[in-house]
Amino acid sequence: MDVGQLQRQFIDYTASLFREEWRGFLDDQFTQLRKLQDENNPDFVFEVVSLFFDDSEKLVNNMAKALEQPTVEFKQVDAHVHQFKGSSSSIGAHRVKNVCVAFRSFCEQQNIDGCKRCLQQLKHEYSLLKSKLETLFRLEQQIMAAGGSIPMVE
Amino acid sequence: MEKMGFGNVTSTSKTMKIIDTEKKISVLIVEDDLLIQKIHKVMMTKFGTEVQLAANGKEAVDLFLSGSSFDLILTDLEMPIMDGIEATKKLRSMGVTSMIVGVTSRNQDSEIQAFMKSGLNACYVKPLNAEKVTAVLNELKNI
Numbered sequence: 001m002d003v004g005q006l007q008r009q010f011i012d013y014t015a016s017l018f019r020e021e022w023r024g025f026l027d028d029q030f031t032q033l034r035k036l037q038d039e040n041n042p043d044f045v046f047e048v049v050s051l052f053f054d055d056s057e058k059l060v061n062n063m064a065k066a067l068e069q070p071t072v073e074f075k076q077v078d079a080h081v082h083q084f085k086g087s088s089s090s091i092g093a094h095r096v097k098n099v100c101v102a103f104r105s106f107c108e109q110q111n112i113d114g115c116k117r118c119l120q121q122l123k124h125e126y127s128l129l130k131s132k133l134e135t136l137f138r139l140e141q142q143i144m145a146a147g148g149s150i151p152m153v154e
Numbered sequence: 001m002e003k004m005g006f007g008n009v010t011s012t013s014k015t016m017k018i019i020d021t022e023k024k025i026s027v028l029i030v031e032d033d034l035l036i037q038k039i040h041k042v043m044m045t046k047f048g049t050e051v052q053l054a055a056n057g058k059e060a061v062d063l064f065l066s067g068s069s070f071d072l073i074l075t076d077l078e079m080p081i082m083d084g085i086e087a088t089k090k091l092r093s094m095g096v097t098s099m100i101v102g103v104t105s106r107n108q109d110s111e112i113q114a115f116m117k118s119g120l121n122a123c124y125v126k127p128l129n130a131e132k133v134t135a136v137l138n139e140l141k142n143i
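Chains A and B, in that order, give the protein sequences.
For the first sequence, my numbering begins at 1 and goes up steadily by one.
For the second sequence, my numbering begins at 1 and goes up steadily by one.
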């Protein structure tokens with residue numbers, strides 16, 4: 001595949017992540033992060049997303065442990081969800097953030113079943129997002145390896 | 001001190017705007033989350049400001065006690081050791097007149113109001129974006 005084809009594939013794939021009819025995985029905040037990447041911070045998006053992946057995995061584990069306790073401390077669960085909501089909205093992880101919003105409602109209601117369902121949904125959405133972003137970064141690497149530049153997709 | 005709540009961003013432009021100032025604006029970012037620290041630092045640097053980081057309110061207060069000063073403080077609310085409300089109250093009681101802007105994940109009106117009452121000039125719900133940063137820096141230029 002030549003550089004032009006790779007770039008077109010990248011543009012199409014990136015656009016698909018934002019499409020509203022598919023309840024976009026990403027929102028405008030991700031575009032804002034990509035605009036911050038430049039020659040002074042050439043790997044900025046990758047570094048930020050990597051930090052997000054590390055944080056997310058810890059937070060999901062913490063939520064799971066907290067929900068397994070004989071007496072669930074909903075405030076503790078909520079604190080983890082709140083942190084996850086903050087980091088997901090900061091990178092533009094739209095669907096993950098929305099699940100966090102619902103999750104926090106169940107924490108407030110001290111609804112254990114609702115919380116457990118949200119945790120499963122969160123794991124699912126996070127896993128999907130991670131897969132999509134890893135594909136995106138692979139496409140970027142292929143473009144760079146072919147000598148091309150990464151197109152900016154608005 | 002008059003409290004200003006200029007939280008409603010009216011600019012519709014989503015492009016980055018480098019604010020033309022005679023000297024670089026100095027910014028202290030007070031935030032415990034490393035991911036958000038990184039994003040906010042790069043964002044503020046991209047807008048042409050000079051950035052320093054503090055991981056919690058106590059570090060921010062200690063910086064001022066050691067003689068540092070900043071044109072702008074961007075502070076999270078929930079942080080270990082000293083949160084944003086306590087830090088802002090402390091800084092104002094020390095006579096700090098820098099613009100202090102809260103940036104928080106909390107979005108309930110009561111929570112934002114409590115944060116504002118501590119001495120903020122404005123408060124935004126995370127995430128920071130180009131529009132919010134432009135509004136803050138333009139406001140700072142007008143002071």
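No lab work stands behind these hints: they were computed from the structure.
The structure displayed is predicted, hence computed values, not measured ones.
Any given hint might turn out to be false.
[Said to hold, decoys possible] Sample of chain B residues lacking proximity to chain A, with all beta carbon distances greater than 10 Å (derived): (1) L35; (2) K38; (3) T45; (4) I81; (5) M82.
[Said to hold, decoys possible] Examples of chain B residues lying across from chain A (beta carbon under 10 Å, computed): (6) L34; (7) L63; (8) K117.
Heads up, the beta-carbon is just placed ideally off N, CA and C, and yes, glycines get one too.
Quick check for students: does the CB of B:K38 sit more than 10 Å from each CB in chain A? Violated, since 6 Å does not exceed 10 Å.
Would you assess whether B:M82, listed as outside the interface, keeps its beta-carbon beyond 10 Å of every beta-carbon in chain A? 17 Å, holds
Identify whether the interface hint at B:K117 stands, where standing means a beta carbon of chain A within less than 10 Å of its own. 21 Å, violated
B:L63 was flagged as interface toward chain A. Is the shortest Cβ-Cβ separation under 10 Å? 24 Å, violated
Status of B:L35, Cβ more than 10 Å from any chain A Cβ: Since the minimum Cβ distance to chain A is about 4 Å, B:L35 lies within 10 Å and the statement is violated.
Is B:T45 truly not at the interface, in the sense that its beta carbon sits beyond 10 Å from all beta carbons of chain A? 8 Å, violated
Are all C-beta atoms of chain A more than 10 Å from that of B:I81? About 16 Å separates B:I81 from the closest Cβ of chain A, which puts it past 10 Å; holds.
Holds or violated: B:L34 as interface residue toward chain A, Cβ cutoff 10 Å? 6 Å, holds
Against the hints set out earlier in the document, violations occur for numbers 1, 2, 3, 7 and 8.
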